[in-house]
Amino acid sequence: MTSQTAQDATPTTQPPRAPQQQEMPLAVVHGQPLLQIPQDLYIPPDALEVILDAFEGPLDLLLYLIRRQNLDILDIPVAEITRQYIAYIEVMQELRFELAAEYLLMAAILAEIKSRMLLPRPPAEEGQEEDPRAELVRRLQEYERFKQAAEDLDALPRMERDTLPVQAHVPDRTVVRLPPPVDLRELLLALHDVLKRAELFSGHQIRREALSVRQRMGEVLQKLEDGHFHRFESLFTAEEGRLGVLVTFLAMLELAKEQLLDIVQEAPLAPIYVKSLATGNTAEPLQFHSEFDDGDTANEPAAR
Numbered sequence: 001m002t003s004q005t006a007q008d009a010t011p012t013t014q015p016p017r018a019p020q021q022q023e024m025p026l027a028v029v030h031g032q033p034l035l036q037i038p039q040d041l042y043i044p045p046d047a048l049e050v051i052l053d054a055f056e057g058p059l060d061l062l063l064y065l066i067r068r069q070n071l072d073i074l075d076i077p078v079a080e081i082t083r084q085y086i087a088y089i090e091v092m093q094e095l096r097f098e099l100a101a102e103y104l105l106m107a108a109i110l111a112e113i114k115s116r117m118l119l120p121r122p123p124a125e126e127g128q129e130e131d132p133r134a135e136l137v138r139r140l141q142e143y144e145r146f147k148q149a150a151e152d153l154d155a156l157p158r159m160e161r162d163t164l165p166v167q168a169h170v171p172d173r174t175v176v177r178l179p180p181p182v183d184l185r186e187l188l189l190a191l192h193d194v195l196k197r198a199e200l201f202s203g204h205q206i207r208r209e210a211l212s213v214r215q216r217m218g219e220v221l222q223k224l225e226d227g228h229f230h231r232f233e234s235l236f237t238a239e240e241g242r243l244g245v246l247v248t249f250l251a252m253l254e255l256a257k258e259q260l261l262d263i264v265q266e267a268p269l270a271p272i273y274v275k276s277l278a279t280g281n282t283a284e285p286l287q288f289h290s291e292f293d294d295g296d297t298a299n300e301p302a303a304r
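Per the numbering used here, residue 1 is the first one in the sequence shown, and the count goes up by one each step.
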C-alpha cells in the first residue's frame, strides 16, 4: 500500500512527443532541423502577432497546420489537427484579439467531425455513412487551388512593384520663329521702286533745306515706336524728293547697323517689313551717330 502511495505521489513525467517522420522542421539552427519548440523558449507577443496576422481565414490556418506536418489532405488526423487549431484559438484569445466568427465556426466544425468519428456506429451502417471529413476536405482542396492561383498571379511582374515606367520630364519650350534675313539686293530693289515714285514729284527749292541722317534716325524710330512691323515703303516721304529718300534710307541702314532696326522679308520678291528694336529702351535718350553727317555734301540739295 505504501509503495503504491509513493508511486502515486511521485510526479509522472511524460516522455516528449516523438516527432512524426514526415513532419516539416520549424527552423534550422546550426544546420540541424528544429522539429519542436523548446519549452524554455521565450516568444514575445509581437512575434505571435505576426504569425497570426499571416492567416487570411480559418481555412488558411487549417491548411497551414496540415502542410506544416506534411499530412495527406485526403486523410486528415482530425483529433490532432483539432487540438492544434484550438491551441491557436486560445493563444489568440489570450492576446485579446477579436476573433472573427469564421474561426469559431471552423473550431465547432472540427469538434463535430471529431465527435462523429469517435462515436461508435452500428455495423450495418458502417459501409453506408459518408466520411464526416469529406465536406471539409473538399473545401480545403478548393481553397488550396484558389490560393495557388493567387500566388501564381502575384509572382507575375507587377507595375510599380517589380517594374517602373520610364519617365522623363521635358520642360515646356516656346518655339520662337526667327524672321528670315533680307538680302541686300532685295533691299536695293525696294529702294529703286521708292526712287522711281519720288521722281514723279517735282518742286522748286527756294532755300537750302538741311537734312540730317541723325535726325532722320530719330524720326524713323518715332514712326516705329508702336513695336509693330511696317512696310518698308511707308517710311519714305516721296514729296521730299530723291534727297529725302536717300537720307531716310541711310538712316535706316545706320539703325540696322546699331541693331536698333529689324528688317525682314519672308520670301524673295516679297514685301519688306521694318520693326523697331528700341521699344522699351526709354530710360535714357538715344544718342545717334552717323558717318554721313561728317560733311555737308550729303545735305546739298539736288539741282532741279
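Possibly wrong hints are sitting among the right ones.
As the list claims (entries may be wrong) - Calculated cross-link-like contacts (lysine-lysine; reagent style BS3-like; alpha-carbon spacing at most 27 Å):
1) 257 - 196
2) 275 - 196
3) 223 - 147
4) 223 - 196
5) 223 - 257
6) 257 - 275
FYI, nobody ran anything at the bench for these hints, they're computed from the structure. In this text, all values refer to a predicted model and were calculated from it rather than measured experimentally.
Structure-based check of each hint:
no.: 1; hint: 257 - 196; verdict: 26 Å, holds
no.: 2; hint: 275 - 196; verdict: 24 Å, holds
no.: 3; hint: 223 - 147; verdict: 84 Å, violated
no.: 4; hint: 223 - 196; verdict: 23 Å, holds
no.: 5; hint: 223 - 257; verdict: 18 Å, holds
no.: 6; hint: 257 - 275; verdict: 14 Å, holds
The earlier numbered hint that this structure contradicts is number 3, and it is the only one.
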